[in-house]
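Q: Residue strings, one per chain:
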Amino acid sequence: MPGSQPALLYVFLALPVLYLVGFVGFPIAYNLMMSVQEVNLGNITEFARPFVGLDNYRTVLADESFRKVLVNTLLFVGFNVVAQIGIGLAVALFFAQGFPGAGFLRGLLLCSWMLPALVVGALWKWIFATEYGVANYVLQGLQLTGSPIHWLSDPAVALTSVTLANIWFGMPFSMILIAAALTAIPKEQYEAASLDGAGAGARFWYITLPALRPALLAVASLVTIYTMRAFDLIFAMTQGGPLDASNVLPLLSYQFSFNQFDFGTGSAMGSFAFLIVFAVALIYVRTLKHEEVAG
Amino acid sequence: MSLTLRRLGALPLGGWPVTVIAALGVGIYLFPIYWMLISGLKDSAEIFANPPTFVPRAPSLAAFEYVFVRENVLRYLRNSLVIAIPVMVLTLVLGSMGAYAMSRLRNRVVDVAIVVVLLLQVFPEALLATPMFIIFRTLDLLNTFTAVILATTSKTLAFALVILRPMFRQVPVELEEASFVDGCTRLQTFRLVVLPLMRVPLIVVGTLCFVQAYGQFVYGLTLLSQQELQPATVGIYSFVGAEYADWHRVMAFSSIFVLPILAIFLAMQRRIVSGLTAGALK
Chain A
1 MPGSQPALLY VFLALPVLYL VGFVGFPIAY NLMMSVQEVN LGNITEFARP FVGLDNYRTV
61 LADESFRKVL VNTLLFVGFN VVAQIGIGLA VALFFAQGFP GAGFLRGLLL CSWMLPALVV
121 GALWKWIFAT EYGVANYVLQ GLQLTGSPIH WLSDPAVALT SVTLANIWFG MPFSMILIAA
181 ALTAIPKEQY EAASLDGAGA GARFWYITLP ALRPALLAVA SLVTIYTMRA FDLIFAMTQG
241 GPLDASNVLP LLSYQFSFNQ FDFGTGSAMG SFAFLIVFAV ALIYVRTLKH EEVAG
Chain B
1 MSLTLRRLGA LPLGGWPVTV IAALGVGIYL FPIYWMLISG LKDSAEIFAN PPTFVPRAPS
61 LAAFEYVFVR ENVLRYLRNS LVIAIPVMVL TLVLGSMGAY AMSRLRNRVV DVAIVVVLLL
121 QVFPEALLAT PMFIIFRTLD LLNTFTAVIL ATTSKTLAFA LVILRPMFRQ VPVELEEASF
181 VDGCTRLQTF RLVVLPLMRV PLIVVGTLCF VQAYGQFVYG LTLLSQQELQ PATVGIYSFV
241 GAEYADWHRV MAFSSIFVLP ILAIFLAMQR RIVSGLTAGA LK
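Sequence lines, in order, name chains A and B. One point on numbering: in our numbering, the residue at position 51 of the first sequence is 51, and numbering is uninterrupted. One point on numbering: in our numbering, the residue at position 80 of the second sequence is 80, and numbering is uninterrupted.
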């Protein structure tokens, strides 16, 4: 390391880190503080507010919508991770055959991921419209369903609808990352396996999957993190309704704060979401460290 | 290519026929975007036609005209740009400084800083909205672009640092050493040697941050209650949230809003794809 002014490097490092600590770290800490206080519209800007201990957390745990929405969140995130990785892997393998134009067409898929999440939500709300929506028209035309599906107004279907929309939105991103990891697998391994008589299935199972494991774990963490942020998309499609059927934790927490002005309970609810994201983030950071050592 | 084919088990056809299949698949996948664009070209009768028309019978710009004249699309677009451009600039300045330092320093301080950044990028904006609201209310910055710009940058900056760090590592240290020998200071070396070499990655990351900030919704909704200041995402939302949405108009509004993004993406497709893959997994 050249000895020339390393002090400047520390200044360079400190500025963005301090910015993030100020505008992300501090809000998180503030959120934790609010979760043990009674915060309403009247005292929201005061610093000293009544301390209520774990009351807000008790309110949250006793709240029926919270339990329902916690299950929703796990289902929503779980299905997104499984589908985005499963479909993403299949699509990446398909494009890895290297036919003419493969790279361009594969990149084109990323168009859906480039759209603002709010626009994706608005677009799918229109596609999923019960009466004039194109989804019902196509499904009925193909005789896959008799009567129109109430995609967004039927509590039994709404979570599926927002999940489908979010998979469409996010899958290309997972696919691109998996495709990148695929190209990093040494070709010699496949050649050696072929010479030993391994078929396509065996090569996938014994070479491709093990080699992809760290990347898949990293992608799964990223998908979880991005899916927990799906606020915009769900807000535009259903606002979490009907009857919280398509609601997820960050959105419910936001609604407690900004619709009911119950900021304390909203913050306590947010703490649970923080916990989930934080646990996944630790896994993500670990996979990255692991990769750095390996590669 | 023959290697690739052998390793994954080629389809029986191979070559151009596979390209046709792939193009069809991509076309079907992107159908929703096509549907958005053509829905905006329909009139109020055709938008509710049964069966729906997959090619507009009489394409008309009436819905576009309506949103321009009645919904003030231009004001919304201007607001989105007034937020997105400073976010991009601020992110690139702080991001290139931080990523450069992270790529050159090697000690525990940097390790901790990297983990802090990785962890801070994961929290959903919706959960930070209340503290942000209180912070900016205390600073008396509610209903200012400054508030939204500062809040949004906290999201894009973490992302930029994560993507840029491995890219800065690829600048050879030897080039910097040569520059020191020539008598340049660290700051001059950064400005005159390192940044020019990083031009392409910085453009890619800047574009991605611009797109994120341009489509930002939560902070626009929470920190700006004056309609004149709200970005286009909030405008589209208030349009969709209505009991009976005029879908051709909503889609026209959305199309105008996203066409610039799609154009930028198509122009920079290869670079964006390689930038993303280089950054997110390392």
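Since the hints were derived computationally from the structure, they do not count as laboratory data. Everything numeric in this text was worked out from a predicted model, so none of it was measured. Errors might be hidden in some of the hints.
Said to hold, decoys possible - Computed spacing ranges between beta-carbons, pair by pair:
#1 B:N143 to A:G86: 43 to 51 Å
#2 B:N143 to A:A7: 34 to 42 Å
#3 B:I264 to A:A62: 27 to 35 Å
Glycine included, each C-beta is placed from N, C-alpha and C at the ideal position.
Q: Enumerate the violated hints, using their earlier numbering and listing them in ascending order.
A: Those not satisfied come down to hint 3.
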